[in-house]
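K.L.:
Below, each chain spelled out in residue letters.
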Amino acid sequence: MKAFASIFIVLIYFVLLALAVMRWGKSKNTSLEEFVVSGRDTPWWLMLFTVLGTWFVGSTYTAFFGWAVFEGAIVYYLGIYSIMGLVVYYFIAPKVWVWGKVHKLYNLPDYILLRYNDKGLYFIIMLAVAFLLSWPWQVLALKTFGYVVLKLSYDTIPMPVGIGIFGAVIAFYCIYGGMRSVVMTDFIQGIICTIVVLGGIYAVLQSKFGGIGPMYQQVFEFNPDLLKISAPNYFIGISIASALGAYCWPEIFNRIFLSRSAKDVKVVAKFAPVICILLVALVVSMAIGGALLPSITADLASAESGFLIMFEEFGGPIMLAFAAIVIIAAEMSSVDSQLTVMGTIFAKNIVGTLKKDGLSDKKTVSVSRWFILIYMALIWYLSIGDTGALYKYAVISYEFLATLFPAIIIGILWRRGNAMASWVSIIGGWAVCSILQLWPELQGSFGGFGAGFTGAVTAIIIYFIVGFVSAEDTRISDLFEEVDAFKES
Amino acid sequence: MGSNTSRKTKTRAWFAVYFVVVLSPLLFPPFLKSLNRVEPFIGPFPFIIFVMLLVSMLVSAGLFVLYKIEEKRGDLL
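Just so you know, the protein sequences line up as chains Y and A, in that order.
Okay, so the first sequence: first residue is 1 according to the working numbering, each after it adds one.
Okay, so the second sequence: first residue is 1 according to the working numbering, each after it adds one.
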């Protein structure tokens with residue numbers, strides 16, 4: 001009966017969501033521009049939650065929640081890196097948007113080719129960000145769906161079925177409406193999740209501990225170490241590496257290209273930080289409070305289910321359903337954009353480049369859709385197997401991703417950065433990252449900041465040195481002038 | 001256009017400095033180590049958690065003010 005109630009609520013929610021997507025998220029036409037960047041006509045308020053999807057993924061409410069139960073305040077790094085990421089976003093987004101508009105760019109590899117005019121670099125970065133380093137995160141995301149459905153159904157629906165259901169739902173709307181349906185889904189779910197998280201966590205903290213203040217007092221008496229950062233240097237390292245790495249995912253540029261104007265891109269950075277701070281403060285506070293509850297601290301699995309358990313203990317199957325919706329929505333908002341962008345990268349940038357005459361727009365959309373379908377089936381298959389070692393690979397992949405920061409992001413802000421600087425910085429960054437991964441005992445000699453941070457700093461230093469000693473490229477200078485000229489036109 | 005670009009660059013440079021200064025208590029090991037304590041509680045929050053929230057709010061406020069300045073001057077690009 002309990003399982004029926006919670007599943008029924010989630011089903012109703014998804015039926016309403018599907019109706020909304022079919023009403024407002026349908027493609028306006030069959031062009032590539034429409035499928036990939038939603039016709040470049042998205043207003044800021046519709047983009048807001050798609051951009052926030054960069055930082056709020058399902059694991060915020062599962063793996064990171066569990067981490068905060070046992071390690072406490074260090075997990076506030078989620079808020080710090082998100083805020084730093086939004087500062088980076090504020091400075092880079094308008095330029096990226098202008099180049100996208102003027103040169104009809106659709107994704108990150110398109111930008112790399114325009115900025116550096118080097119096909120080798122273009123292929124390396126494309127393969128790394130779109131395929132080699134991102135698939136573990138998508139497999140883990142699907143696993144989260146299965147896990148949530150298992151909990152939601154009080155252990156009656158097996159994980160592979162839950163994974164299959166949500167994999168099919170996401171593939172369906174990505175294929176159906178491309179980025180327009182992705183944006184619409186993220187918007188509706190973002191509003192609902194923000195309301196549920198703000199109201200739900202406040203209510204849980206009130207009912208279990210008498211409020212946020214009394215909760216922190218109780219934790220102070222129980223274990224004051226949870227209220228300090230347990231490893232300060234590691235906190236600094238992951239905050240910076242995560243802020244840098246967040247902008248190297250393939251879908252980020254695509255999210256910027258959706259905007260109808262440079263102004264709309266920037267307005268997002270005006271409002272997003274407030275939502276970020278509120279969500280992180282509440283989620284991490286709730287997790288720290290979970291350290292007081294035996295039902296949460298029993299083992300790691302219970303801690304990672306803490307968000308669901310605490311909602312369920314507070315309001316039964318109805319609140320469990322809402323908690324599940326929050327996690328599913330957060331995971332969907334990252335997987336859907338990634339999938340749509342990967343489909344386009346495969347069709348346009350790989351097949352289109354390798355095929356002698358290229359692909360027509362119509363054919364590109366068609367190949368993208370097939371790719372989404374086949375890729376989703378593949379990651380579903382991978383996710384139902386044993387993924388124990390995958391989490392480690394996923395974390396390592398993120399550390400390698402962070403070393404691409406200078407080539408991708410500093411190149412937007414600094415005109416002297418060039419292809420040679422990018423090549424050398426990537427090789428140097430990956431070499432340092434690999435050495436520190438293979439011999440982790442060496443990390444202590446570099447301050448214990450972690451392999452990703454050390455690799456990224458190495459890459460940044462190399463990029464600046466090579467850029468400074470190289471002659472200025474007039475083609476790149478022209479690209480920068482274009483941004484100012486665009487403003488005048 | 002030249003003076004506008006220079007004004008825009010200067011404003012952004014000042015704000016970049018502001019962001020670094022505001023974030024420095026959390027990003028430089030000596031500062032973080034000296035602030036990394038539980039007491040005194042400020043409002044409902046332990047000291048270091050309050051510091052992290054305060055830093056986040058100051059960065060957000062900086063972004064808001066920078067946006068307003070650039071919007072007023074027509075320098076959003």
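Simulated from the structure, these hints should not be mistaken for lab results.
The C-beta atom is built at its ideal place from N, Cα and C for all residues, glycine as well.
Incorrect hints may appear among the rest.
Calculated cross-link-like contacts (lysine to aspartate or glutamate; reagent style DMTMM-like; alpha-carbon spacing at most 25 Å) [what the hints assert, rightly or not]:
| hint | chain 1 | residue 1 | chain 2 | residue 2 |
| --- | --- | --- | --- | --- |
| 1 | Y | K270 | A | D75 |
| 2 | A | K72 | Y | D473 |
| 3 | A | K8 | Y | D473 |
| 4 | A | K8 | Y | E482 |
| 5 | A | K10 | Y | D484 |
| 6 | A | K10 | Y | D473 |
| 7 | A | K68 | Y | E441 |
| 8 | A | K33 | Y | D225 |
| 9 | A | K8 | Y | D478 |
| 10 | A | K10 | Y | D478 |
| 11 | Y | K270 | A | E39 |
| 12 | A | K72 | Y | E481 |
| 13 | A | K33 | Y | E441 |
| 14 | A | K68 | Y | E482 |
Some chain A residues close to chain Y (C-beta under 7 Å, calculated; not the full set) [stated by the list, open to error]:
| hint | residue |
| --- | --- |
| 15 | F19 |
| 16 | S24 |
| 17 | L27 |
| 18 | P29 |
| 19 | F31 |
| 20 | S34 |
| 21 | P46 |
| 22 | M52 |
Residues from chain A that face chain Y, not an exhaustive set, calculated with beta carbons under 8 Å [unchecked claim]:
| hint | residue |
| --- | --- |
| 23 | S6 |
| 24 | T9 |
| 25 | T11 |
| 26 | A13 |
| 27 | V17 |
| 28 | L26 |
| 29 | K33 |
| 30 | R37 |
| 31 | I48 |
| 32 | I49 |
| 33 | F50 |
| 34 | L53 |
| 35 | L54 |
| 36 | M57 |
| 37 | V59 |
K.L.:
Does each hint fit the structure? Answer for all of them.
P.N.:
The hints, checked one at a time:
Only pairs whose Cα atoms come within 25 Å are accepted, and K270 (chain Y) paired with D75 (chain A) is accepted, the gap being roughly 15 Å. Under the criterion of a C-alpha separation no larger than 25 Å, the hint pairing K72 (chain A) with D473 (chain Y) is inconsistent with the structure, at around 33 Å. Of the supplied pair hints, the one linking K8 (chain A) and D473 (chain Y) holds, its CA atoms being roughly 23 Å apart against a limit of 25 Å. A threshold of 25 Å between alpha carbons decides the hint, and for K8 (chain A) with E482 (chain Y) the separation of about 16 Å falls inside it, so the pair holds.
For a cut-off of 25 Å, the pair hint linking K10 (chain A) to D484 (chain Y) stands: about 15 Å separates their Cα positions. Annotation: proposed proximity of K10 (chain A) to D473 (chain Y) holds, straight-line Cα distance about 24 Å (limit 25 Å). With a C-alpha separation of about 48 Å, the suggested pair K68 (chain A) and E441 (chain Y) falls outside the 25 Å cut-off, and the hint is violated. Among the hinted pairs, K33 (chain A) with D225 (chain Y) is consistent with the structure: their alpha-carbon atoms are about 14 Å apart, no more than 25 Å.
Of the supplied pair hints, the one linking K8 (chain A) and D478 (chain Y) holds, its CA atoms being roughly 19 Å apart against a limit of 25 Å. About 21 Å separates the Cα atoms of K10 (chain A) and D478 (chain Y), which keeps this hinted pair within 25 Å; it holds. Distance check on the hinted pair: K270 (chain Y) and E39 (chain A) sit about 32 Å apart at the alpha-carbon level, beyond 25 Å; violated. Annotation: proposed proximity of K72 (chain A) to E481 (chain Y) holds, straight-line Cα distance about 22 Å (limit 25 Å).
With a C-alpha separation of about 23 Å, the suggested pairing of K33 (chain A) with E441 (chain Y) holds against the 25 Å cut-off. Pair hint K68 (chain A) plus E482 (chain Y) holds up; C-alpha atoms about 24 Å apart against a cutoff of 25 Å. A distance limit of 7 Å between C-beta atoms decides the matter here; for F19 (chain A) the minimum to chain Y is near 5 Å, and the interface restraint holds. This hint is violated: S24 (chain A) has a C-beta 11 Å from the nearest C-beta of chain Y, more than the 7 Å allowed.
Interface restraint check for L27 (chain A): the shortest CB-CB distance to chain Y comes to about 6 Å, inside 7 Å, so the restraint holds. Checking P29 (chain A) against chain Y by beta carbon gives a least distance of about 6 Å; that is within 7 Å, so the hint holds. Hint status for F31 (chain A) relative to chain Y: violated, with the closest Cβ pair at about 10 Å, above 7 Å. A cut of 7 Å between beta carbons decides the hint on S34 (chain A): the least distance to chain Y is about 10 Å, and the hint is violated.
Checking P46 (chain A) against chain Y: minimum C-beta separation of about 4 Å stays under 7 Å; hint holds. Look at M52 (chain A): its Cβ gets to within about 5 Å of chain Y, closer than 7 Å, so that hint holds up. At its closest, the beta carbon of S6 (chain A) sits 11 Å from a beta carbon of chain Y; the interface hint therefore is violated under the 8 Å criterion. Look at T9 (chain A): its Cβ only gets to about 11 Å from chain Y, farther than 8 Å, so that hint breaks.
Hint status for T11 (chain A): violated, given a least beta-carbon distance of 12 Å to chain Y, over 8 Å. Against a cut-off of 8 Å between C-beta atoms, the interface hint on A13 (chain A) is violated, since the closest Cβ of chain Y lies about 11 Å away. Violation of the interface hint for V17 (chain A) is found here, the shortest Cβ-Cβ separation to chain Y being roughly 12 Å, above the 8 Å cut-off. The interface hint given for L26 (chain A) holds, since its Cβ lies 6 Å from the closest Cβ of chain Y, which is under the 8 Å cut-off.
Given the 8 Å rule on beta carbons, the hint for K33 (chain A) holds: about 6 Å separates it from the nearest Cβ of chain Y. Interface restraint check for R37 (chain A): the shortest CB-CB distance to chain Y comes to about 7 Å, inside 8 Å, so the restraint holds. Taking 8 Å as the C-beta cut-off, the interface hint given for I48 (chain A) holds, the closest approach to chain Y being about 6 Å. Restraint check, I49 (chain A) versus chain Y: the minimum CB separation of about 6 Å is within 8 Å; hint holds.
Restraint check, F50 (chain A) versus chain Y: the minimum CB separation of about 10 Å is more than 8 Å; hint violated. Below 8 Å, beta-carbon pairs count as interface contacts, and L53 (chain A) has one with chain Y at about 6 Å; its hint therefore holds. At a threshold of 8 Å, the smallest CB-CB gap from L54 (chain A) to chain Y is about 10 Å, leaving the interface hint violated. Interface hint at M57 (chain A): satisfied, since its Cβ lies 7 Å from the closest Cβ of chain Y, which is below the 8 Å cut-off.
At about 5 Å, the closest approach between the beta carbon of V59 (chain A) and any beta carbon in chain Y falls short of 8 Å, and the interface hint on this residue holds.
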